[in-house]
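Colleague: With chain D's structure known, arrange chain S on it following the hints.
Which chain is which? The protein sequence lines are D and S, in order. Each residue of the first sequence is one higher than the last, beginning at 1 in our numbering. Each residue of the second sequence is one higher than the last, beginning at 1001 in our numbering.
In case anyone wonders, no lab produced these hints; they're calculated from the structure. Treat the hints with care, since some could be wrong.
Stated by the list, open to error - Below are the SDA-like pairs computed for lysine to any residue, each with C-alpha atoms no more than 20 Å apart in a straight line:
1) Lys1161(S) <-> Ile198(D)
2) Lys288(D) <-> Lys1161(S)
3) Lys288(D) <-> Glu1229(S)
4) Lys1149(S) <-> Gly249(D)
5) Lys1149(S) <-> Gly199(D)
6) Lys1149(S) <-> Gly201(D)
7) Lys1149(S) <-> Lys288(D)
8) Lys1149(S) <-> Ala1174(S)
9) Lys1149(S) <-> Trp197(D)
10) Lys288(D) <-> Glu1225(S)
11) Lys1149(S) <-> Trp250(D)
12) Lys1149(S) <-> Tyr75(D)
13) Lys1149(S) <-> Ala1116(S)
14) Lys288(D) <-> Trp1251(S)
15) Lys1161(S) <-> Gly201(D)
16) Lys288(D) <-> Ala1255(S)
17) Lys1161(S) <-> Val194(D)
18) Lys1149(S) <-> Arg1189(S)
19) Lys1149(S) <-> Arg200(D)
20) Lys288(D) <-> Arg1189(S)
21) Lys1161(S) <-> Glu73(D)
22) Lys288(D) <-> Gly1252(S)
The structure presented is a predicted model; accordingly, all values stated were derived computationally and were not measured.
Given next are the chains, with one letter for each unit.
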Amino acid sequence: MVARGGVVCFLEHDVDGVLDASLRALTLARSLSESSGRVLVAAMMGMVPPSDLEALAGYGVSDVFQVVVEGVEGYAPMGWARALLDLVETWGADALVAAGTDRGNEVMAHVGATTWLPMVANCLAASWLDARSLRLSRQRWAGSLVEDAVVEGVPVLLTVAPDGVAAEPAATPIATAGHEHRLAASENDRRVVVTEWIGRGGGVALADARVVVGGGRGVGSEEGFAALDELAGLLGAAVGVSRAVTSAGWRPHAQQVGQTGTKISPELYLACGISGATQHLAGCRSAKHVVTINTDPDAPILSRADYAIVGDVAVIVPALVAAIRERT
Amino acid sequence: MNVLVCVKRVPMVGARIVLTPDQMEVDVRQLGFTVSPHEECAVEEAVRIVERDGGTVTVLTLGPPEAADQLRDAAAIGANRLVHLVTDGREWDAIATAEAIVEAIRRDEAEQGPYALILLGSEAADTGDYQVGVRVAHALGRPTVSGIKHLDIGDEVLVAKREFRGGDELYELALPCVIAVKEGINLPRYPSLPGRIRAKKMPIEATEIVWREGPVRTERLRVPEEPRERAEILGAGVDGVPALVALLGQWGLLA
Chain D
1 MVARGGVVCF LEHDVDGVLD ASLRALTLAR SLSESSGRVL VAAMMGMVPP
51 SDLEALAGYG VSDVFQVVVE GVEGYAPMGW ARALLDLVET WGADALVAAG
101 TDRGNEVMAH VGATTWLPMV ANCLAASWLD ARSLRLSRQR WAGSLVEDAV
151 VEGVPVLLTV APDGVAAEPA ATPIATAGHE HRLAASENDR RVVVTEWIGR
201 GGGVALADAR VVVGGGRGVG SEEGFAALDE LAGLLGAAVG VSRAVTSAGW
251 RPHAQQVGQT GTKISPELYL ACGISGATQH LAGCRSAKHV VTINTDPDAP
301 ILSRADYAIV GDVAVIVPAL VAAIRERT
Chain S
1001 MNVLVCVKRV PMVGARIVLT PDQMEVDVRQ LGFTVSPHEE CAVEEAVRIV
1051 ERDGGTVTVL TLGPPEAADQ LRDAAAIGAN RLVHLVTDGR EWDAIATAEA
1101 IVEAIRRDEA EQGPYALILL GSEAADTGDY QVGVRVAHAL GRPTVSGIKH
1151 LDIGDEVLVA KREFRGGDEL YELALPCVIA VKEGINLPRY PSLPGRIRAK
1201 KMPIEATEIV WREGPVRTER LRVPEEPRER AEILGAGVDG VPALVALLGQ
1251 WGLLA
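Isolated chain D (complex conformation) (with noise of 0.2 Å):
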């Protein structure tokens, strides 16, 4: 069914189907898979919806396996990990690749640790010198630098930086076909379990948000956000903030932007009193369109972005959310 030497990758998915982290990490795999003529197999934990499946044909997916850990519901990082291993042993597999999540770091960490083979994080690119070793690029510093290297051993354990690869179909696609791999969880795969989901309570997830509104310490204060506020909630956007803004308490950790917060891809980012720290520019260097304003005509943010306003926030985001109601 699958030629020994595959590269496989694991894909997460949700109820809004293949995650995109996912399918970036399939386009690397593709190209991995096709630096050596190797097949392509996904791997997807759970029952998978036929239209997923359908999907995967369109990048050159030959085969998915559809992984049961019979035992245990949800996310069980041990028990994944252990199935996708009897996976990749059981045909043979060269390569084994996920997307650089939390979840797929994790998964791939614990396949490492188990086997004791390296597990590299994070890459951008990957093909294979010979039948052991791969050459690659991956980020460092969160993706403010790039690391060229060689690795050696089979199976190689790689993640794809969400930020860092675009997702991209095969240029022909091919019939996929779908199969089961079912593995008893053992004890313990079940000392480690997601117990208890609390879904967001509304409004637009930072990760996912296709336009993201963006506060630093320009923004002077807590009060100064209610602007922003109202200017994310006109555009649809999510608010994120520098680690200034986390750090002085005006806002929540969970929408820091940058290398220890959320890393964005929005089609906008609209940075707003915001200077350009590394830290920051880490978690928004895959936004489509960049534009910034800022008192400073100097600071950093300025050439990491496509457009700019020079002037106080204060003034300028009022007179942008009068400007969009006037016009909406």
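Modeller: This is chain S only, laid out in the frame that chain D set:
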């Protein structure tokens, strides 16, 4: 409760990272150093747990002789005991780092019994390997979870919370366990003056360790090309607003 926190010394980078001429390392000559941000929060969390429930906070680092500074920073906010695995300054890969930490933990635990809780950061600010905690947990046979932004600790179990797609998911783990935390779990305190004085005098248990080659061979580092060079100025003050509104319309972002 006895808590162990593992921290890493990392450079404090500014707006731009400069490399050495051979492109193998970050040029740190003009940079200061700090505790990696997630781990600074891990120390604060451990201190809060011990302030509430009693016990000790041991802080361990693997790094060059200068990493003693970061141990003293941890002592200044309340750590009771400092352990330094002293390297020659070369970078250690995740597998070797985890091995060395596990060896140190086993030595400690043989004398004083198990740490109920081992805390690390989810990933270091520089290398970002996302795995040392998981490897330590496996070697010790303890449950683990990463990316944690809230902890509730009971007598035999703890509840850990992490963000998932805009919501929160909860985990219940039996003690002893290993938890990798993220910034946001707390807001670390500033060290007090008495804390700093105490830290200066605190002994450090230092052991020299020998570098082990990792399986990933660095060829070079590079600064990625940025897609943008310089923003086009739409205007000064409110004069720039009409042009921005026009752009929002052009990008299809106005309902």
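Colleague: With reference to the structure, classify each hint as holding or not holding.
Modeller: Against the structure, the hints:
1. Taking the CA atoms of Lys1161(S) and Ile198(D), the gap is near 10 Å; set against the 20 Å cutoff, the hint holds.
2. Between Lys288(D) and Lys1161(S) the CA atoms are separated by roughly 31 Å; this puts the pair beyond 20 Å, and the hint is violated.
3. About 14 Å separates the Cα atoms of Lys288(D) and Glu1229(S), which keeps this hinted pair within 20 Å; it holds.
4. Only pairs whose Cα atoms come within 20 Å are accepted, and Lys1149(S) paired with Gly249(D) is accepted, the gap being roughly 16 Å.
5. For the hint linking Lys1149(S) to Gly199(D), the alpha-carbon distance of about 16 Å falls within 20 Å, and the restraint holds.
6. For the hint pairing Lys1149(S) with Gly201(D), the CA-to-CA distance comes to about 18 Å; that is within 20 Å, so the pair holds.
7. Under the criterion of a C-alpha separation no larger than 20 Å, the hint pairing Lys1149(S) with Lys288(D) is inconsistent with the structure, at around 29 Å.
8. Restraint check for Lys1149(S) and Ala1174(S): the C-alpha separation of about 18 Å stays at or below 20 Å, so the hint holds.
9. A threshold of 20 Å between alpha carbons decides the hint, and for Lys1149(S) with Trp197(D) the separation of about 14 Å falls inside it, so the pair holds.
10. A threshold of 20 Å between alpha carbons decides the hint, and for Lys288(D) with Glu1225(S) the separation of about 15 Å falls inside it, so the pair holds.
11. Distance check on the hinted pair: Lys1149(S) and Trp250(D) sit about 18 Å apart at the alpha-carbon level, within 20 Å; holds.
12. For the given pair, Lys1149(S) sits about 18 Å from Tyr75(D) by alpha-carbon distance, which is consistent with the 20 Å threshold.
13. Proposed proximity of Lys1149(S) and Ala1116(S) is supported: the alpha carbons are some 19 Å apart, at most 20 Å.
14. Under the criterion of a C-alpha separation no larger than 20 Å, the hint pairing Lys288(D) with Trp1251(S) is consistent with the structure, at around 10 Å.
15. Restraint check: the Cα-Cα separation between Lys1161(S) and Gly201(D) comes to about 16 Å, which is no more than 20 Å; the hinted pair holds.
16. This hinted pair checks out: Lys288(D) and Ala1255(S) have alpha carbons roughly 19 Å apart, not beyond 20 Å.
17. Note on Lys1161(S) and Val194(D): the hinted pairing holds, with a Cα-Cα distance of about 9 Å set against a maximum of 20 Å.
18. Restraint check for Lys1149(S) and Arg1189(S): the C-alpha separation of about 17 Å stays at or below 20 Å, so the hint holds.
19. Pair hint Lys1149(S) plus Arg200(D) holds up; C-alpha atoms about 15 Å apart against a cutoff of 20 Å.
20. Between the alpha carbons of Lys288(D) and Arg1189(S) the distance comes to roughly 37 Å, so the proposed pair goes past 20 Å and is violated.
21. A distance of roughly 18 Å separates the Cα atoms of Lys1161(S) and Glu73(D); the hinted pair therefore holds under the 20 Å criterion.
22. Restraint check for Lys288(D) and Gly1252(S): satisfied, since their Cα atoms lie roughly 13 Å apart, inside the 20 Å limit.
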